[in-house]
Structure formats: structure tokens, C-alpha cells
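Chains as they are written, first to last, in the working numbering: chain A, 1 to 595; chain B, 1001 to 1179; chain C, 2001 to 2238.
Treat the hints loosely; a few may be bogus.
[To be verified] No farther apart than 25 Å at their CA atoms in a straight line, the calculated lysine-lysine pairs in the DSS-like style are these:
1. C:K2161 x C:K2185
2. B:K1141 x C:K2052
3. C:K2052 x B:K1167
4. A:K499 x B:K1158
5. A:K500 x A:K448
6. C:K2185 x A:K526
[Unchecked claim] Ranges of calculated distance between the beta carbons of each label pair, as one might list FRET restraints:
7. A:G309 x C:D2190: 35 to 41 Å
8. C:S2181 x A:R29: 42 to 48 Å
9. C:G2068 x A:R191: 37 to 43 Å
10. A:A150 x B:P1118: 31 to 37 Å
11. A:Q46 x C:I2206: 27 to 33 Å
What the hints contain is simulated information worked out from the structure, not anything from laboratory work. No residue lacks a Cβ here, since even glycine has one placed at the ideal position from N, Cα and C.
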Amino acid sequence: MTAFLQELAKTYGYQANHLLAILRAVQARYHHIPEPAIEALAGLLQLPRSQIIGIVEFYSFLHLQPQGQYELLISDSITDQMLGKQDLISYLADRLQVSIGAVRADGLVSLANTSCTGLCDQGPAGLVNGLPLTQLTRAKLDVIVSLINARTPLPEWPSELFAVHDNIQKTDVLLSRTMTMGEALQATFDRGIAATLTEIDRAGLRGRGGAGFKTAMKWRFCSEESETTRYVVCNADEGEPGTFKDRVLLNSYADQVFEGMTVCAAIIGARQGFLYLRGEYLFLHEPLQAVLQQRRDAGLLGNNILGQGFDFDIAICLGAGAYICGEESALIESLEGKMGIPRNRPPYPVTQGYLGKPTVVNNVETFLAAAAVAVQGGDWFASIGTGPSKGTKILSICGDCACPGIYEYPFGTTIQAILDDCGAHDVLGVQVGGPSGTFISRQEFDRKLAFEDLATGGSFIIFNASRNILDIVNNFTHFFAHESCGFCTPCRVGTSLLKKQLDKIVDGHGSAGDVAALESLCQLVKNYSHCGLGQTAANPILTTLARYPELYQAKLKKISYEPGFDLDAALATARRMADRHDAAAHLAQVGEDYE
Amino acid sequence: MANKIRVATTSLAGCFGCHMSFLDLDERLLQLAERVEFDRSPITDIEHCGRCDIGLIEGGVCNSENVHTLREFRKQCKILVAVGACAINGGLPAMRNFIPLEECLSEAYLDGIGVENPQIPSDIELPLLLDKVRPLHEVVKIDYYLPGCPPSADVFWKFLTDLLEGKEPQLDYALVHYD
Amino acid sequence: MSKTITIDGKAIPFTEGQTIMQAATAADVYIPHLCHHPEFTPHGSCKLCTVKVNGRNCSACTFPAAEGQEVLNNTQELNSDRKTITQMLFVEGNHFCPSCEKTGNCQLQAVAYHLNMLDDHFPLFYAHRAMDASHPEVLIDHNRCIFCTLCVRASREHDGKAVFAISGRGINKHLLVNSTSGQLKDSDLDSGDKAAHICPTGAILIKHTAYQVPIGQRVYDHHQINEVSLASEHPHGE
Chain A
1 MTAFLQELAK TYGYQANHLL AILRAVQARY HHIPEPAIEA LAGLLQLPRS
51 QIIGIVEFYS FLHLQPQGQY ELLISDSITD QMLGKQDLIS YLADRLQVSI
101 GAVRADGLVS LANTSCTGLC DQGPAGLVNG LPLTQLTRAK LDVIVSLINA
151 RTPLPEWPSE LFAVHDNIQK TDVLLSRTMT MGEALQATFD RGIAATLTEI
201 DRAGLRGRGG AGFKTAMKWR FCSEESETTR YVVCNADEGE PGTFKDRVLL
251 NSYADQVFEG MTVCAAIIGA RQGFLYLRGE YLFLHEPLQA VLQQRRDAGL
301 LGNNILGQGF DFDIAICLGA GAYICGEESA LIESLEGKMG IPRNRPPYPV
351 TQGYLGKPTV VNNVETFLAA AAVAVQGGDW FASIGTGPSK GTKILSICGD
401 CACPGIYEYP FGTTIQAILD DCGAHDVLGV QVGGPSGTFI SRQEFDRKLA
451 FEDLATGGSF IIFNASRNIL DIVNNFTHFF AHESCGFCTP CRVGTSLLKK
501 QLDKIVDGHG SAGDVAALES LCQLVKNYSH CGLGQTAANP ILTTLARYPE
551 LYQAKLKKIS YEPGFDLDAA LATARRMADR HDAAAHLAQV GEDYE
Chain B
1001 MANKIRVATT SLAGCFGCHM SFLDLDERLL QLAERVEFDR SPITDIEHCG
1051 RCDIGLIEGG VCNSENVHTL REFRKQCKIL VAVGACAING GLPAMRNFIP
1101 LEECLSEAYL DGIGVENPQI PSDIELPLLL DKVRPLHEVV KIDYYLPGCP
1151 PSADVFWKFL TDLLEGKEPQ LDYALVHYD
Chain C
2001 MSKTITIDGK AIPFTEGQTI MQAATAADVY IPHLCHHPEF TPHGSCKLCT
2051 VKVNGRNCSA CTFPAAEGQE VLNNTQELNS DRKTITQMLF VEGNHFCPSC
2101 EKTGNCQLQA VAYHLNMLDD HFPLFYAHRA MDASHPEVLI DHNRCIFCTL
2151 CVRASREHDG KAVFAISGRG INKHLLVNST SGQLKDSDLD SGDKAAHICP
2201 TGAILIKHTA YQVPIGQRVY DHHQINEVSL ASEHPHGE
């Protein structure tokens, strides 16, 4: 181990910045971060050991306790659940003789749930040692169980188990035109850097992550900073459940994304860029490295790009299972090899980002669109969409529809038009923008895809009339409690309290005041949390409570109060130990009210 | 007599310290007695709570009997008050929550030093222990809270006189203590 | 010409670079807080110091004062929500004040008193947390930790060490000691370190000092935290 760690630390230049990458490598080899590795790395990187442990305990894909040689994770996203995930994971646990969340006694395999893997259009999905397993069925699980029990190395597994499809169902201006390598950069230099920024401004391009900040303004702010070391970061930590468009863009349009980053670098004066790739997309890492190498070979990355005296390169950093790292300042922390805890703002990343230097962080799709604008100009882009929302939006559509996959639409398209295209029938509602977005009911399908109406980072989950809204809300609420970074009180404690309070109501233990208590807790978490995660964590409850108050009320009992825990079960230990079987050894869940 | 306020009190998993503190009202008890009549309480020896205006409960909920008593109070009392640290967050008895109940019972009745004739007591007259000691508000709806270990006599006085005067009870800074 | 903001309608001068908290403290205006301490880098995590700045919620301890800001601080709405946040801290850990030797000197308790918190409101979490009594002079009771990171910052910024860290994610957050055994006795903590004395709750205690001051005669038994805080945190010489 010592030699391995020394080599690893050397590869990364003994830089603490690369701690996450180093720990990923240790996890991949030893299936946990062994104590001697912590001690050794603390010495090699000159770090407190507590900092290393902090990172291991922060990221879902790193473990202090040994996991199986085959680390199996099954996606717990709502769409996977709708496709029968619960039955499959139980079946898998049974066949493998391992309980969920545990390692089998022989240490060969571990099985656990994981947050959305970005494969919602081809679920139920999972990961084995970080690689995606798609369209799981009992038959496929039988194959996987045999392969594991036979200790078959992953490279020898049938490749169809790992097949990931693009499922591009509808293209518009961005996805229908394939750019030639270097086209956008050449156009940028031909037009002039300042003029290209003007085009992006004229295009009205806004950030595609969902928040919609004006791209040109962000780039201009960064370029005007007095500090001249600047960075470009592409946010490919696509963690919002139901979103997978960045996976497709990086699989089939990576060159254009990198080109957009390079255009940005030319404009803001950056020499280094990073693609922060979510850990779930490990399978894209090597192909993306190959694309980068092609670009270097073509003189589009590296020194003196296109003979313009412009130096720029891009490195890829992998995440390790943390939704919060999609928040730009948490992402920057993670890039620096730390826990993904959102920073206090101001200062904003454009002023003090990566290593305290001015940094532009944009979504994958934003860079893709920026490259297109650099080629085709701002007016072309601005002619599409609505007043405040220019251009097109790429959606990841999944859930109850005939053709899940990637759809590109001009802003301003109605929800009904989208539902018609993807073959959705008898629709109950749509979750637009993922759990942090909005649940809209069938009365609202004339609403439009736009920043001024329904903003979305790309997630578009369809539910038909057979679905139970409270199950959906429950899944989302548990997700946020699991993904809260824990930095601030309202989110750390509040998301767990929301989970408890919602469980109480959903499980039928709610009474008169419980929905009001739930709502006021929602408001507190929303209004006082440190970052977007906490500020939106109550959205699933708030948006459905506004639309379907009767669903919540129907769960309530006509009493003033019922305990949120199982009273009779609380006597079980004492009952067993005292060997009591009489009626007095039991408790009813509810008492009588004052009348 | 007819217009007197009926008050019931009891101690669940508590130490009766809150009741002792209540008695510290001393001569003010006489004034109180002019307005208040006691129902079930250690002071009266009434076994079951009748219809009351106010129920004062000290102690948390540690066993099945506590649950029954608490529910009786909730059913009979218009206003139910959690009195003292144990009623509010479990207090000192809740420190057993750090030890699994199985270990508690084993230590006390099976393997502890000096245990003779080891056996877990089993009789239908004996209440069973809950796996955790819980505050009152996790079992029934509570209307008011009087913090303190114990709340001082002044807290009881202020709270009851406010209620008797038809005011919303208000405890100012000097009356709010958790210790 | 000094610049000003208003807090609850009162003009408060500030100098460029000051946070709202710093400007308020210098002007003898108390904003409730737990994770903030004037000697250390602001952290902004407890959210008790949330104030409304031009209508928007901001953490006063990290948010820079800027000319003309209208800040709301001592309002019923904010104080009510601050009380709820304090209740969250109480149910998250295990806070048994009657058996805690910090009682009466505890800032968590004092803020709760100040906000007239009479109950926990929420169901308890019943967290299982350990004690570390290994060190001869300093005790950690993890039950009382509120993750304010003051010990982490004091160790790093004042003591020039890295004895403490916060680890874990979400509700599983916990305080970590930087030693191979994970125990305090094997760390390089000295009982004279600032980090050993900075804890606002009873999570880090100096041994052999309990009850030297009787209950009833302690700091917050007779003075509200707003007075105590302003008296100790007001910048000297102003």
C-alpha cells in the first residue's frame, strides 16, 4: 500500500487540491479508505488526518468501512422506483444473500441505495464499482449475481449490461447542427474577443443550470477583475433527480462543450479550465480525456491556440457522490479537494472562486450554447424563444411517457406540447426542474417552458394518474435530507425534521395541527437556509400542498394529536424480556381527547 | 366553591421536585386555595382525574402507566401543562436513552453486581418500560410549558395568576431557567 | 464622511469592509448569534443572526454592510424564527441542562432564554453521541455540540494547531479530534489553548472547574446574553 500511495501522491504533485481524486483512487483499489492510507496521506500531503476523514465521510462514494469488492448501488430516484426498483433491490439482496446497506460476510459484494444516477430514461439503473448498469430486470440481475459469485472481473462482464443510450428524441437548433472542431474558436478570433462577448450578450443567453443568470454579464464581471489569474469551470455535476441531458451532451457533443469553455477562457482571460464531472458519470471520463487530447493535437488546447498567443487547457475532476456539489461554490470547494460546503456570498465566484481567483462556473449546456452563438451570432439565437428567455432548452424527459429521453425545445413551448411529443397520456402532473423545482397539475399544462414561467435545469418528470403524489413528495423529501451538507442549522436539522413530519402524515399518524406544522417548518427551511439546496428542499411539499391540500388533509385523523412514533413497538423489548402476553402489555396508538 | 378552577397534578418519570417547588408557594398557597380546587394530585390522594380546567404534569414518559396517566389527564383537562425539564425534554431519566433498554434491564435484574435470583420482573400489575424516555409533547398535545429543574414557585405563581386573570401566560427573563 | 446603514430604523455608522454584525456590535446593537465570535473568521452557519437586508434574509455575521442598507433585526418575526432555529439545535443534540456543568454560563441556553424559548417544539432526534474524557484536563461531550466550528477556528487561527474538525454530512455531522486514536488525549491540545475555552455550549469543558461558581450565580442567571455579548464583544477603544 505504501508504494501505491507514494506513487499516487507523486502523480498528483503532493497537492492537497487533488485529495478527492487521490481518495477516489484509494477507494477504487481497496474498496474503502483504510486507516493506514489516512495516516500515510496525511504525511504525504501535509494535511491534518481529520481533514481526510472529513472528506471521506462527506462523499457518498468514499467509505471508512470496507465495501464489497463489487460495490453495487441501485438508484433510488423516483423514476427508478416507478419502474419497479424496490422489487428489484429486494430480489437482488435475496439472491446475493446480503442485506441492503451491508457487505456480505465474505466481503465479495456490498449493496446499497444511491441517489439518482442520471439514467432515468433507461432505469431501473445502478452502479457497480462506479460503472452504470441500465434497464435492470430480474433476468439481468440473475446474470449479475452469477458474475459476482464467480468473481468475474468487470471488464469481462457482457457489455450490454453497461449499455448507455443517448435517446435523443427531438432536436432543435443546438442538437441538430454538429459543429466542426475549432469552428467557434476561429469565429471568435475572426470577429474579435470583445465583439464575441457582445454577441453572447446580444443572444440573451442565460445560465442553463436553472437560475438563469445572464452569461455575458458573468463573463464580463470576471474579465473585469483586477486579479489576472482566472478560471473557467464547467459544472457537470448533474445531480438533480430526473436530469441526464449533460450526460448526453458530454457523450455526443463534448467537443462543442469544450469549445464553449475555450471561447469563455479567451474572453475572460483564463489559462486553465476544469470540467467537474459527477462521480456517477465515471464511464465518460476516459472518452472525455480522449476528446481533450484530440483538441490538444489539433492545436485547440494547450499553448498558442490557433496561433493567437492564447494558452488554455482543461482538466477533468470527478465528484464522489454529493448532490450539493452542483451548487457552484460547493463545486469549487470540491475542486479544491475539500468537502462540498457552499461558501458565504459575497464574494461570488466571479470575484473569488477557485483558489480565491475569479472564476466563471457555467452549466454544460450553457457552454454548448455559447459555442453555437460564437459561430452563428447573437441575433440568430435571440430570434428563438421568448422575451426574457432566448434560445432553446434541452430537457431530460422521463417518467410515465412512451419515449423518455432528450428533447430540445425553443423557450415558450407549452407543457402540453411537450407531453404530446413524448407520448404521455392520462397525466396527473409534471415535476418541472426536479425535486427543487415545481410540481404542476394537469390544470397548468398551458404553462410555458421559460425562466419567467417554469424554469428548469432540464429535469422533466411525468407522472400519470396511477401515481400517488405523497409517495413522490416523500421520495424527494428524503432525498434532500440525505443530500443536505449539514453546514447550516435550518437545512441540517430542518430537512430531517421535514422528513419526520411528512413521514408522520404519510404513515397516517398525523392529526389536526400536523399539516400546519409541516407548512410552517417548510417556510423556515426555505427562508433561512444557507444555499439553494435548503431554500428549495421544501418545494416538493409546498408546491403539492398548494395544489392538493385535500390529499394531505385526507391523511389526518380527527383527533388533536397522535404520537409520531409507534407506541406499542416501544414496549416490545420490555414485553419480550418480561415474557408478557397480556392485554396490559400493549398500548393503543391514540388516546382520547378533551371534549 | 362553584366557580373555583379545578387543577390536577401528577408526576410521571419525575422526582416530585416540581411538586416540592409548587409547595414553595408557601403562604401564597392560601390565596391560591381561594380560587383553585385540587382534583387528582399527591395533595388530595384522588386516584383518577375528573373534569379539570388545568392539568400540571411533571416528569417524562418512561413506561406504559405514564402513557395511561398522561392520556387520562389529556382527556380530562382543558389545559395541559408540561412542568419542568423532564416533562419538556425527558430530563435526567432520559439519560438512560443512551443505553439500550435490554442492557438496562439486564444490568438491573440479570447480570448486575449483587443481583440475586436473577429474573426480569413479570406481573400484569407492573407497567412495562418504553424503549426510550420521551417528553410529553411526543405523546399528547401540550398547551403550555413551564421550564426549570424545578420551575420556581414564582413560575407557578405567575403562570396560574395569569391564567386566572384571563391573560395569556407570559414568563419574563428572570423566570425562564432550564436548570 | 462615515457611511451608514439603518438597523430597525436607527442609523448605524460603518466602515468599508465591516459586516453588518461588526457595525451593529460597534454601535451597541445586539444581533443574536452562536457561531460568530469577533476574534475569528465569520462562519455563517448557525443562522441565528439572520437579519432582513432590504427585504432579503442575510447572515449578519458574513454579510458586508453597504451604504443605505435598511436592516431589520429585532422584529417579532425574526425572533420567532430564531427561536425555532434554537429549538432545532436543542432537539438535534442531547441537551440536559440540569446535569450540565455549563448551565448558566451556556450561550446556547442563554440565547434560548433571551428568545423566551419554553419548550423544544419538535420531536427529539435521540442522537447517540459519545463522550471523550480521555484528556486529563479537557472533556468533550459530543451530545452538546452544535457544529459552530468555534473550536475548529480557534485551534487553527489562534492556537496554530488543527486539533478539531467537523466531519460527516447532513444530520450525521460530528466533531472530530485530530489524533490517530481519535481521542483528545492523543491530540496536541493544551488546556490553555483558546480552542479548549471557546465552546459556546457544554461540549468542550475544562475539567476540575465545575461548580466553582454555584448555579444561580452564573453569567446568564442575572444578565441577558445581549448585555453580556455587547460588553465582551464591543471593540475596545470605541
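Now the hints, each set against the structure:
At most 25 Å may separate the alpha-carbon atoms for a hinted pair to count; C:K2161 and C:K2185 meet this at roughly 15 Å. Proposed proximity of B:K1141 and C:K2052 is contradicted: the alpha carbons are some 33 Å apart, above 25 Å. Restraint check for C:K2052 and B:K1167: not satisfied, since their Cα atoms lie roughly 32 Å apart, outside the 25 Å limit. Our distance criterion of 25 Å between C-alpha atoms is broken by A:K499 and B:K1158, whose separation comes to about 38 Å.
Distance hint between A:K500 and A:K448 is unfulfilled; the C-alpha atoms sit about 34 Å from each other, more than 25 Å. Distance check on the hinted pair: C:K2185 and A:K526 sit about 41 Å apart at the alpha-carbon level, beyond 25 Å; violated. With their beta carbons about 55 Å apart, A:G309 and C:D2190 fall outside the hinted range of 35 to 41 Å. In this structure, C:S2181 and A:R29 break the distance hint of 42 to 48 Å, their C-beta atoms being roughly 26 Å apart.
The beta-carbon spacing between C:G2068 and A:R191, approximately 41 Å, falls within the hinted interval of 37 to 43 Å. Restraint check, A:A150 to B:P1118: a C-beta distance of roughly 51 Å breaks the suggested window 31 to 37 Å. Judged by the Cβ atoms, the range 27 to 33 Å given for A:Q46 and C:I2206 holds: they are separated by roughly 31 Å.
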